[in-house]
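Chemist: Chain by chain, the residues run as shown.
2 protein chains.
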Amino acid sequence: MKKRLFTPGPTPVPETVMLKMAEPIIHHRHPEFGEIVKRVNDNLKYLFQTEQPVLTLASSGTGGMESTFVSLFSPGDTVIAVNGGKFGERWVKMPNTFGLNAVEIKVEWGKAPTREQVLTSLRENPQAKAVYLVHSETSTGTATDIEGLARVIRENSNALVCVDGITAIGAHEFRFDAWGIDVCVTGSQKGMMIPPGLAFVAVSKRAIEAMERSTLPKFYFDLRKALKAYGNNDTPWTPAISLIIGADSALQMIHAEGVENIWRRHERLATALHKGITAIGLMLFSDSPSFAVTPVWLPAGIEWKPFNRTLKDKYGITIAGGQGEYAGKIFRISHLGYFDELDMITVLSALEMTLFDFGFQFELGSGIRAAQASFLTTG
Amino acid sequence: MKKRLFTPGPTPVPETVMLKMAEPIIHHRHPEFGEIVKRVNDNLKYLFQTEQPVLTLASSGTGGMESTFVSLFSPGDTVIAVNGGKFGERWVKMPNTFGLNAVEIKVEWGKAPTREQVLTSLRENPQAKAVYLVHSETSTGTATDIEGLARVIRENSNALVCVDGITAIGAHEFRFDAWGIDVCVTGSQKGMMIPPGLAFVAVSKRAIEAMERSTLPKFYFDLRKALKAYGNNDTPWTPAISLIIGADSALQMIHAEGVENIWRRHERLATALHKGITAIGLMLFSDSPSFAVTPVWLPAGIEWKPFNRTLKDKYGITIAGGQGEYAGKIFRISHLGYFDELDMITVLSALEMTLFDFGFQFELGSGIRAAQASFLTTG
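Chains A and B are the protein sequences, given in the same order. Each residue of the first sequence is one higher than the last, beginning at 1 in my numbering. Each residue of the second sequence is one higher than the last, beginning at 1 in my numbering.
Among the hints, a few may not be true.
Unchecked claim - Cβ pair distances, simulated, as ranges:
| no. | chain 1 | residue 1 | chain 2 | residue 2 | range |
| --- | --- | --- | --- | --- | --- |
| 1 | A | 340 | B | 258 | 41 to 51 Å |
| 2 | A | 313 | B | 2 | 38 to 48 Å |
| 3 | A | 257 | B | 75 | 49 to 59 Å |
What the hints contain is simulated information worked out from the structure, not anything from laboratory work. Every residue gets a Cβ at the ideal spot worked out from N, C-alpha and C, and that includes glycine.
Extracted from the complex, chain A is given alone in its bound form:
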């Protein structure tokens, strides 16, 4: 059976990238690899819209986030973190584990943090060294207005603006320099379209200054070491060579398409999918939908497990379920990375036929028609 992946990480890997990664391995101290790293570094700057270094680590995105906490701060430092889902929750737990004082901005799942919430927390915690925001919370498919909140933080504090961009980079507009961001982390298996195993961490001048003051112990995730190696197109530890070669290939695709075109493509796909899902009669979960992943309420009377099994076994479609308290209540369709218009038609068709199998009442084809109309009118 032909299989199609609509999960928010791993995301599908383009065929040319798969084949590039399958080529005979080369040594990381060979000049040829240095050239690849240089090109990856340059294209990462383009993807993050920055002139600042974007460091590459051999770890998952969670490891990338850890590198920012242990490399920028000292025991007892206060960091504010927005918790509006499973990942935001982790960025509260993690700094507390390392002896930082994490102040939580608790946000209802499916809602984005407001300016007022951030402003209030900054006023209550004037000692805060950083505010951690999640650009696109994967567990809830909810997007945060990073540009607006970064401005609020910049205008009202000296706190560093730190962004979990793990599911947002390559889907949502993001301008590291123009928006005054200090830290942004992403993972390889998301908008970068390669398998998991790499984290990327962009750091501003203020973030680099913070590294000099940081006293938390660190070794593998010491961003000062990564920064020093970066200057020589190198990494402090053995790099994940095949994944970096994949990143090189994928970033060249990203460069060729143009990052602004990629943001527009993700908005176009998400919008059409939202219209299709609504036309079928299903309800979107998020008040501020992400362009990377779309969470949908499971209709009354349909259970997640058999629904998911039908999608997978009958139609070859893999989507994601709900997490935490929304397990069994919502499902999530990802359109992050290597997706186009007809992929949205494909997943809507499988969704319609599965709903039909389960006796859900709706006009067959209505979702697809709404998505097509959306594509035809929004260009």
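Position chain B against the provided structure of chain A, taking the given hints into account.
Modeler: Chain B in isolation, oriented as in the chain A frame:
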């Protein structure tokens, strides 16, 4: 030009493994992936010769080593570490960074630590919680008698026996359970024959008990979290899926060949290469040569850079240079992983022709003849 890699990590990746990793990516929460992880876990036990868990982390080997320090110990704990090369040196620096008290057993480069050295250090540091040994020190191509030293440590202390097996696993005889080892770490790009990006950490019951007492802060490298996920054929963070699929394929090859046959093959290749190199008139660097990598003194009058460039540009052969104070003084030929007898003839031939190019005085073909004789007599 046809290129051949004789470096101690990355090592060549078998063609079937490369192609397996190039297949369409699957989701890590899919049951199919759970089956792969289960098979990897079972085959890792076989490779390490243990009934204990061997945990898989998305990091380099250095990250794997860090996971053992932060997960097993508490601030102020004493750990003894053998420093006989670049990596041993790192296993002294790293625990000190995290507030442990690392006691160094300093060993001259190219020599192995003795029982007396270990015994003296244990007597001087009866409070030591662990002894860290390097099975095959990559920088010096020197092998340590792990079985013998583990016995000394076990008979004279309660210290955990912790082994950097990064360049040894899959080359040297290693029996985690039978030898009473508590911790052993390896990396994917070594005897495992896959690209870098994974670390593997075997933990004994005593090591698991130590985890319960450990108070050092940790999150990404928390082996308790890894152990909990391990029970469900899972990992705590997004796994490096494509590399785990590669590990599955490579471990099946290892299982089919048989780990004892693999150890014997590495000994046979190393022995023949040593004889060939000596027959040419070159000098081996190590007093206790590793079966994974062979370091050789550069002959007087030949400089490393042009020598290396000729091997690379004229013969397509990549070897490794010396590290630290031996940079420019020695070169290192790796035969770790996917190598056979004729590969040794290949590298000896390139070495002979390069030496001839540089005017070194020797009988052309003498190294190859000695290696062939070694193969023919040792079966």
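Chemist: For the pair residue 313 of chain A and residue 2 of chain B, does the Cβ-Cβ distance stay inside 38 to 48 Å?
Modeler: Check passed, 46 Å falls within 38 to 48 Å.
Chemist: Per the hint of 41 to 51 Å, is the separation of the Cβ atoms of residue 340 of chain A and residue 258 of chain B within bounds?
Modeler: With Cβ atoms ~48 Å apart, the hint holds.
Chemist: In this structure, is the beta-carbon distance linking residue 257 of chain A and residue 75 of chain B contained in 49 to 59 Å?
Modeler: Cβ of residue 257 of chain A to Cβ of residue 75 of chain B: about 50 Å, so the range 49 to 59 Å holds.
The structure is consistent with each of the numbered hints, conforming to all of them.
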